[in-house]
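Student: The residues making up each chain are set out below.
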Amino acid sequence: MNDMSTEGYTTADGRKIGGVLMEMKNITLRFGGVVAIKDISFDIREGEIRAIIGPNGAGKSSMLNVISGFYVPQEGEVWFRGYRRGPMRPYQVARLGIARTFQNIALFEGMSVLDNIMTGRLNHMKSGMLAQALWWGKAEREESENREQVEKIIDFLEIQNIRKTPVGRLPYGLKKRVELARALAAEPKLLLLDEPMAGMNVEEKEDMSRFILDVNDEFGTTIALIEHDMGVVMDLSDRVVVMDYGKKIGDGTPDEVRRNQDVIDAYLGVAHD
Amino acid sequence: MPTEILYGVEVALNGLMAGVLYALVALGFVLIFKASGIFNYSQGVMALFAALTLVGIMEGQVPFAHLINAIFGTKIHHFGWEVPALLAIALTTIVMVVFAWLVQRFIFRHLVGQEPIILFMATIGLAYFLEGVGDLMWGSDIKTLDVGLPQGASFWIEENTAFLGGEDFYGFFIDKLDVVAAVVAAVLVAGLVIFSQYTKQGRAMRAVADDHQAALSVGISLSFIWVLVWSLAGFVALVAGIMWGAKSGVQFSLSLIALKALPVLMLGGFTSIPGAIVGGLIIGVGEKLFEFLIGPMVGGATENWFAYVLALIFLVFRPQGLFGEKIIERV
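Here the protein sequences line up with chains A and B, keeping their order.
Residue numbers for the first sequence follow our numbering, so the first one is 1 and each next one is one higher.
Residue numbers for the second sequence follow our numbering, so the first one is 1 and each next one is one higher.
In case anyone wonders, no lab produced these hints; they're calculated from the structure.
Computed from a predicted structure; not experimentally measured.
For glycine and all other residues, C-beta sits at the position ideal for the given N, C-alpha and C.
Don't take every hint at face value.
To be verified - Chain B is faced by these chain A residues, among others (derived, beta-carbon under 7 Å):
no. : residue
1   : P90
2   : R95
3   : A106
4   : G110
5   : L122
6   : Q132
Construct the complete structure from the given sequences, taking the supplied hints into account.
Tutor: Spelled out as structure tokens, the structure:
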């Protein structure tokens, strides 16, 4: 174990936030000569909705990819649930309990909504290949249990009517929701959302915001999200990290961040005089 | 019943049986295409290699005997034992799994994210490489493969259909091996369909075929799935190799049967396991009946081109095949 603080805090709306779930320490990520992330540290606490925001090209998505294992930082440490995480492949990170969605949707287009969400349960299935093929003993019980869990999520996200539809046929907004469902099906310790509201209209954004809050409330899932839309982020999140040109320029509650002069400069620009 | 019609029925039945053999080869293609989007040109050679290995192991041949003898001046060719068929099949399966692992480790792992055409060309290279290795390992002479499958005409069928012809005493001539092949193919297909639809690994396989990034994000290891799929394709190649080898001997022209699997795939769809079977049967029956009915009018030898023309027609009117995934495009 390490020396991370375990005491939490209470949010403005009275939710109890727990100890540190994930901590990024002095992360630096380079692509050749380009420094995408420069010496950034922050933590994510249990039960919290944590946002990472910043203008275009600030390094938000790179940060998310570091957390989910798609990129390996050159410097710095990633701590998860009290242990230091070595370099890992994305599928190993997923097995640790970190699920994610993608900015430009990565679903299995040829499979039905139900099957897509079931893939989220892959790591919860333990019985052997033969037993599953023959629908035998433990495998049968396991499949029904997993199915039940998936149905709960389908109900929760209100996508009952499209469960048999091949994902390729769905409109954009629904695809985003199916992707969220698949990530939720894994019962993640940490849920990463990469621009969950990108390209949505106001109504779809409101729906998505509601789902994110409900997920956090109902399942107690810790959520880290990247978003462009400042308004949405400020309403949703408990604490916000602000990035600009690969550096962290602000970290705190939405109100604190809103008052931060560096953040205002980054978003609105400064006069060079 | 007049004998001409009976003869036609017999031709169709034999076509069905030949179709089963085409389907067995096509099945291997479908498996790999489904899971990785790679059209595996080397599938036919894999069947050949599997059959060669099986015969080699059964006869106790020393692998790479010529090479060893040339280098060390020895004169070894055989270990001097014979391996029972079932054990040899198990050993060959292990060889095919090792082959699958090697292919994934040394070829496809380095080509992740490349264009399909590059992957396709890699499999062409693999085909010639594997053919060479097969030659070097087991020698290039034609071998007979006898794993104890029943062969020759089935008298039971002939006797029990004799009454159909009335006074002409016409009995159907059907090779027992073909019947065995049909049963084996049916079991194999049932097994594969159940595997890909109802098991965790099968679902993971379909997921990998669809989107690599998404598959990784739900915790699927790409390497594991690829080794699994190539192993399965290797096993299917082994079964096809056994059937074709038992029918016409294990020889290097075996790798050319892969070409006949192409029209089968175009008919059935590249992504459908049942499609491979139905496509195989249609081609088998179609080419035999066409030869029987139309052949005499155009001077015969229609079997050489019929399948390809049929495939061409399908490409024009139904490019995804009979059972292939619908091509959905949202704009």
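Student: Now tell me if each hint is right for this structure.
Tutor: Here is how each hint holds up against the structure:
1. About 4 Å separates the beta-carbon of A/P90 from the nearest beta-carbon of chain B, less than 7 Å, and the hint is met.
2. The interface hint given for A/R95 is met, as the beta carbon of that residue sits about 5 Å from the closest beta carbon of chain B, less than 7 Å.
3. Given hint, A/A106 at the interface with chain B, holds; its Cβ is 4 Å from that chain's nearest Cβ, closer than 7 Å.
4. Interface restraint check: A/G110 against chain B, minimum CB-CB distance 5 Å, threshold 7 Å, status holds.
5. Satisfaction of the interface hint for A/L122 is found here, the shortest Cβ-Cβ separation to chain B being roughly 6 Å, below the 7 Å cut-off.
6. The interface hint given for A/Q132 is met, as the beta carbon of that residue sits about 4 Å from the closest beta carbon of chain B, less than 7 Å.
In this structure, none of the earlier numbered hints is contradicted; all agree with it.
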